[in-house]
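Engineer: Sequence:
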Amino acid sequence: MEFGALHCKPVAPNCKVCPLEGSCFAILNDQVNTLPLKLNKLKVKERDIHYLVWINNGEIFMKKRGEGDIWNGLYDFWELNGKDIPSQNIANAKIYTHKLTHQKLQIRFYISHVPPKNSKAEDYTFYSFSEIENLPKPIIIKQFLDAQKLILEHK
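Going by our numbering, the sequence shown opens with residue 6, and the numbers climb by one from there.
Each hint should be verified, as a subset may be incorrect.
Computed beta-carbon distance windows for the label pairs [unchecked claim]:
(1) Lys109 / Lys69: 16 to 26 Å
(2) Lys69 / Ile100: 17 to 27 Å
(3) Asp53 / Asn139: 26 to 36 Å
Taking lysine-lysine pairs in the DSS-like style, the calculated list, with each CA pair at most 25 Å apart, reads [unchecked claim]:
(4) Lys99 / Lys50
(5) Lys99 / Lys109
(6) Lys147 / Lys68
(7) Lys147 / Lys99
(8) Lys68 / Lys154
Derived by calculation from the structure, the hints in this document are not laboratory data. Cβ coordinates follow ideal geometry from the N, Cα and C atoms, glycine included.
Model the full structure from these sequences, guided by the hints.
Structural biologist: Printed below as a string of structure tokens:
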């Protein structure tokens, strides 16, 4: 990859010092000025996610994500929209950044012992820490749980 970046530049290729000059597709086909073709970069969308980590009797409320969004089929926490973010917990939010190929996620985790507003409990289940270990979950959720394990288990 570094070789191509140094020699096969679209604007000013360095063909004279290239050891592949005799077998180069672009030279042999008179396409030095058009190859390599630079593809449009994928636009990375920034997204904020706010999770309420609801703990009750040593268990955490989680749900399996549905189709049509990132992490389809993986388990995560109660996702809050902007107006439901508990104001008393804003200072206590644990903030993580997670980069995907098409999204840069800024994720805030709010630990609470109070049920979320407007909760649809049928969509969620309480899981013990040992059960959560076996659930498929996004890497960022696993990182959060691993970092907070001692704190969460004793709340």
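Engineer: Decide, hint by hint, whether the structure agrees.
Structural biologist: Each hint, compared with the structure:
no., hint, verdict
1, Lys109 / Lys69: 16 to 26 Å, "24 Å, holds"
2, Lys69 / Ile100: 17 to 27 Å, "25 Å, holds"
3, Asp53 / Asn139: 26 to 36 Å, "29 Å, holds"
4, Lys99 / Lys50, "22 Å, holds"
5, Lys99 / Lys109, "17 Å, holds"
6, Lys147 / Lys68, "14 Å, holds"
7, Lys147 / Lys99, "14 Å, holds"
8, Lys68 / Lys154, "19 Å, holds"
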